[in-house]
Amino acid sequence: MRVEDFTWRDPVTVDVGTTIVDAAELLAAHGVGALIVLDGQRPVGVVTDRDLVTRCLAVGMAPDSRVDAVMSMGVIAVDRHDEAEDLFHLFSTHAVRRAAVVDHDRVVGVVSLDDVLVSIAGELSVVANVMSAQIMFPHAGDSAPPPARA
Amino acid sequence: MHASVGDEIIIAGHVVGEAKRVGLIVEVRGDDGSPPYRVRWDDSGRTTLLFPGYDAAIKPLTEVDTDEESAS
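Taken in sequence, the protein lines are chains S and G.
So in this note's numbering, spot 54 of the first sequence is number 58, and the numbers just go up one at a time.
So in this note's numbering, spot 32 of the second sequence is number 36, and the numbers just go up one at a time.
The reader is advised that the hints may include incorrect statements.
Claimed, not checked - Derived lysine to any residue pairs resembling SDA-like cross-links, with alpha carbons at most 25 angstroms apart: (1) K63/G <-> R46/S; (2) K24/G <-> G10/G; (3) K24/G <-> D118/S; (4) K24/G <-> D47/G; (5) K24/G <-> M5/G; (6) K24/G <-> T51/G; (7) K24/G <-> S8/G; (8) K24/G <-> A152/S; (9) K63/G <-> R54/S; (10) K24/G <-> F10/S; (11) K24/G <-> I14/G; (12) K63/G <-> I14/G; (13) K24/G <-> V74/S; (14) K24/G <-> D107/S; (15) K24/G <-> D90/S; (16) K63/G <-> G17/G; (17) K24/G <-> S76/S.
Quick caveat, the hints were computed from the structure, so don't treat them as lab data.
If we strip away everything but chain G, and leave its shape as in the complex, we get:
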């Protein structure tokens, strides 16, 4: 798994009805973009240091920007 500062991380819900968690990667500690990542969560505004599991997906910053532009 590789990520850059500014990328979005999405953690899928594990049971029906459980919302996915979305956060912004604000720090990348591993070499070459590898974990752990410090993530600021959209729902709480708090930051957490995280080694993502298989349920996590990284949305690159370029895609995040594109989505926001198309939404506006």
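Only chain S is shown next, with the shape it has when bound in the complex:
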């Protein structure tokens, strides 16, 4: 399984000079939990809904503060053709819940830990259905052999 096999969302981006209020409105409008922060065309950070709560609201930051004051620096990414295992390790080693999906040098999406869990859960339900069918309707040849006569 590869990264591109998971469902991911289109990236939602903001400029470094965007205010935290405008960023919050963008999060709400797009129904996403994170924005990629751009300096020109270059991704330089990520700001999440949690950042806005813990780094802004919790400390009484002014609403017109810029997102680059509260974003996490750098954007961790994964190539769309990378193996799913690479993505799992990325979530684990970098302690992040989202990664940018890259096609060569361009960000084409954002995949979250939630997206991955939903995909895996879907596959597990298919396996569970097969198991259930085999338990409820066993093949004739699958039944245990009769006990040997003494």
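With the hints as your guide, set chain G onto chain S.
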């Protein structure tokens, strides 16, 4: 930001006591040495595709070589 394969990338710690992260750039995907970079981290040995933030510094390969020679 511009880098070449073999350069070192250093990510500064953000709080007191947090160690900096150091890695080796093993792939440059952007035109003219621009990001993203595939980085092999010294601490884990794993590679990550990264668009560096403002906290990152690039140490050119020539400086890395010079440092290693002076250390030996």
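Hint by hint, here is what the structure shows:
no.	hint	verdict
1	K63/G <-> R46/S	20 angstroms, holds
2	K24/G <-> G10/G	19 angstroms, holds
3	K24/G <-> D118/S	29 angstroms, violated
4	K24/G <-> D47/G	10 angstroms, holds
5	K24/G <-> M5/G	19 angstroms, holds
6	K24/G <-> T51/G	16 angstroms, holds
7	K24/G <-> S8/G	21 angstroms, holds
8	K24/G <-> A152/S	71 angstroms, violated
9	K63/G <-> R54/S	33 angstroms, violated
10	K24/G <-> F10/S	32 angstroms, violated
11	K24/G <-> I14/G	7 angstroms, holds
12	K63/G <-> I14/G	8 angstroms, holds
13	K24/G <-> V74/S	20 angstroms, holds
14	K24/G <-> D107/S	29 angstroms, violated
15	K24/G <-> D90/S	23 angstroms, holds
16	K63/G <-> G17/G	16 angstroms, holds
17	K24/G <-> S76/S	15 angstroms, holds
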